[in-house]
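*Asks:* Sequence:
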Amino acid sequence: MAKLVFGMNQSLDGYVDHMSFGPSPTLFRHFIEEARGQAGSVYGRRMYEIMRYWDDDHPEWDADRRAFAAAWRTQPKWVVSRSLTSVGPNASLVGDDLDGEIRALKAAHDGEIEVAGPDVAKSLTELGLIDEYRIYLHPVVLGHGKPYFAGPRPPLRLVTNDRIDEDVIRLTYVPA
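Under this note's numbering, think of the first position of the sequence shown as 1, with each following residue one higher.
Hints listed in this document are in silico derivations from the structure and should not be mistaken for laboratory results.
A couple of the hints might just be wrong.
Claimed, not checked - Label-pair restraints from in silico Cβ distances:
1. 24 x 82: 14 to 22 Å
2. 167 x 95: 22 to 30 Å
3. 163 x 81: 30 to 38 Å
4. 144 x 169: 32 to 40 Å
5. 13 x 100: 33 to 41 Å
6. 119 x 55: 19 to 27 Å
7. 90 x 158: 33 to 41 Å
8. 169 x 104: 32 to 40 Å
9. 26 x 84: 29 to 37 Å
10. 1 x 141: 32 to 40 Å
11. 141 x 96: 21 to 29 Å
Unchecked claim - Cross-link-like lysine-lysine pairs, in silico, DSBU-like; alpha carbons within 30 Å at most:
12. 146 x 106
13. 106 x 122
14. 146 x 3
Please read these numbers as outputs of a predicted model, since none were measured by experiment.
Glycine included, every Cβ here is placed at the ideal spot set by N, Cα and C.
Sequences and hints are given; from them, build the entire structure.
*Replies:* This is the structure in structure tokens:
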């Protein structure tokens, strides 16, 4: 059975605004390895549309960006959206039964399935389906953006912390 993992970069004040800060080269390589090892990803519409950037090659990319794109393209993606009618390569839409379909995904796969996007994470948290939360804490204060927790924070228990690069700590929590 797969484990659902919600992990995102976060500012010290709790925001996940990818346009305001990004990963260092060391952290980006960490994310490449994460993507290579995932059984797939569950996306909300907004995050999926942002990530579609990786569907097309860009001549200015370095080797790390090409490696991330290759890893991202090969994994299956499930998109939770009421407004999209189609999705790109290696992706499928999740129907109206979010609870049933995500439970079936977990049962049908092994390994980790990434949950990407605070809104879809909120819905899956409310259903009790997220097994692990990974906060990649960056030393920036934004004062705006999308909060990591889009709804009430569930009771959590810290299970580990890792220094990923010189400035970023990964905090790993499970539901208490």
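*Asks:* Determine for every hint whether it applies to the structure shown.
*Replies:* Against the structure, the hints come out as follows:
1. Our hint of 14 to 22 Å for residue 24 and residue 82 is violated, since their Cβ atoms are close to 36 Å apart.
2. Between residue 167 and residue 95 the C-beta distance comes to about 41 Å, which lies outside the given range of 22 to 30 Å.
3. Evaluation of the 30 to 38 Å hint for residue 163 and residue 81 yields a pass: the beta carbon distance comes to about 36 Å.
4. Distance hint for residue 144 and residue 169: a CB-CB separation of about 22 Å, inconsistent with the stated range 32 to 40 Å.
5. For the hinted restraint 33 to 41 Å between residue 13 and residue 100, the CB-CB distance of approximately 36 Å keeps it satisfied.
6. A C-beta distance of roughly 21 Å is found between residue 119 and residue 55, which places it inside the suggested range of 19 to 27 Å.
7. At roughly 34 Å, the beta-carbon separation of residue 90 and residue 158 lies within the given 33 to 41 Å, and the hint holds.
8. Against the hinted window of 32 to 40 Å, the Cβ-Cβ separation of residue 169 and residue 104 comes to about 34 Å, which satisfies the hint.
9. Look at residue 26 against residue 84: about 34 Å separates their beta carbons, and that is inside 29 to 37 Å.
10. Against the hinted window of 32 to 40 Å, the Cβ-Cβ separation of residue 1 and residue 141 comes to about 39 Å, which satisfies the hint.
11. At about 39 Å, the CB distance of residue 141 to residue 96 disagrees with the hint of 21 to 29 Å.
12. For the proposed pair residue 146 and residue 106, the alpha carbon gap of about 27 Å is at most 30 Å, so the pair holds.
13. Between residue 106 and residue 122 the CA atoms are separated by roughly 17 Å; this keeps the pair inside 30 Å, and the hint holds.
14. Distance restraint check for residue 146 and residue 3: the Cα-Cα separation of roughly 24 Å lies within the 30 Å cut-off, and the hinted pair is therefore satisfied.
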